[in-house]
Amino acid sequence: MLDTHEVICAIRSRLKDEDYTALRFSEIEILDTLNTIAANLVLEFKLNRVQRHKVLQERTDFLFCPHLLGISSARFNAVPLEHATDLEDTTILSLLIKDGRLSVTPFAPGLLAVSYYAYEPINTPEESIALPEMARLALIYGALSLLLEVPTDEANINKIGMFSNLYRQAKFLFTQYLNSLYGRDHLTSRVVRV
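The end of the sequence shown is residue 194 by the UniProt record's numbering, with every number in the run present.
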């Protein structure tokens, strides 16, 4: 979990917003940008996976998935669902997705189990961002490049390019961190005997 206030301070220091009476971007703008970048990172790196299940008995039963960003897998009565739709009454058994509510179509009673990616947006700096500590730089530089797209001065184009490159480098470092954490290749070590 990342402390939102620390991330906002890091963004403001890189924007050189020392004069707190005339800030370039409001706190709400920065929070919105942080939510956008955090949601992108969650989807890109498949973070914040949540598993839920529910027995569907009636056509009006739904599995509610708050803050749904993407679906990793879905099973209905232990059979993987390979199709997803927002249309009811299809001919192929599919996962029905309607505003974060999930069911199956054509409807049949049974157990729906879903694994999905979620990100709950932050509304105040007192809340924590649901990302690991290693994602801090990617979040900061992604937010900076997105914030500077708002025209405030003519030097923004160079700054956007610089922060975009830093964002790519931070994402690369985060990828390396996740690979070393979850990769299977590093579990064995070579011993060299002389």
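Wrong hints could be hidden among the right ones.
Claimed, not checked - Subject to a maximum C-alpha distance of 27 angstroms in a straight line, what follows is the list of computed DSSO-like cross-link-like pairs (lysine-lysine): (1) 171 with 159; (2) 54 with 159; (3) 171 with 46; (4) 98 with 16.
It is worth saying that the hints were derived from the structure and are not from the lab.
Hints and how they fare:
Using a Cα cut-off of 27 angstroms, the hinted pair residue 171 and residue 159 holds, with the two alpha carbons roughly 18 angstroms apart. Between residue 54 and residue 159 the CA atoms are separated by roughly 49 angstroms; this puts the pair beyond 27 angstroms, and the hint is violated. Distance restraint check for residue 171 and residue 46: the Cα-Cα separation of roughly 13 angstroms lies within the 27 angstroms cut-off, and the hinted pair is therefore satisfied. As the CA atoms of residue 98 and residue 16 are separated by approximately 43 angstroms, the hinted pair breaks the 27 angstroms bound.
Consistency with the previously given hints fails for numbers 2 and 4, ordered from lowest to highest.
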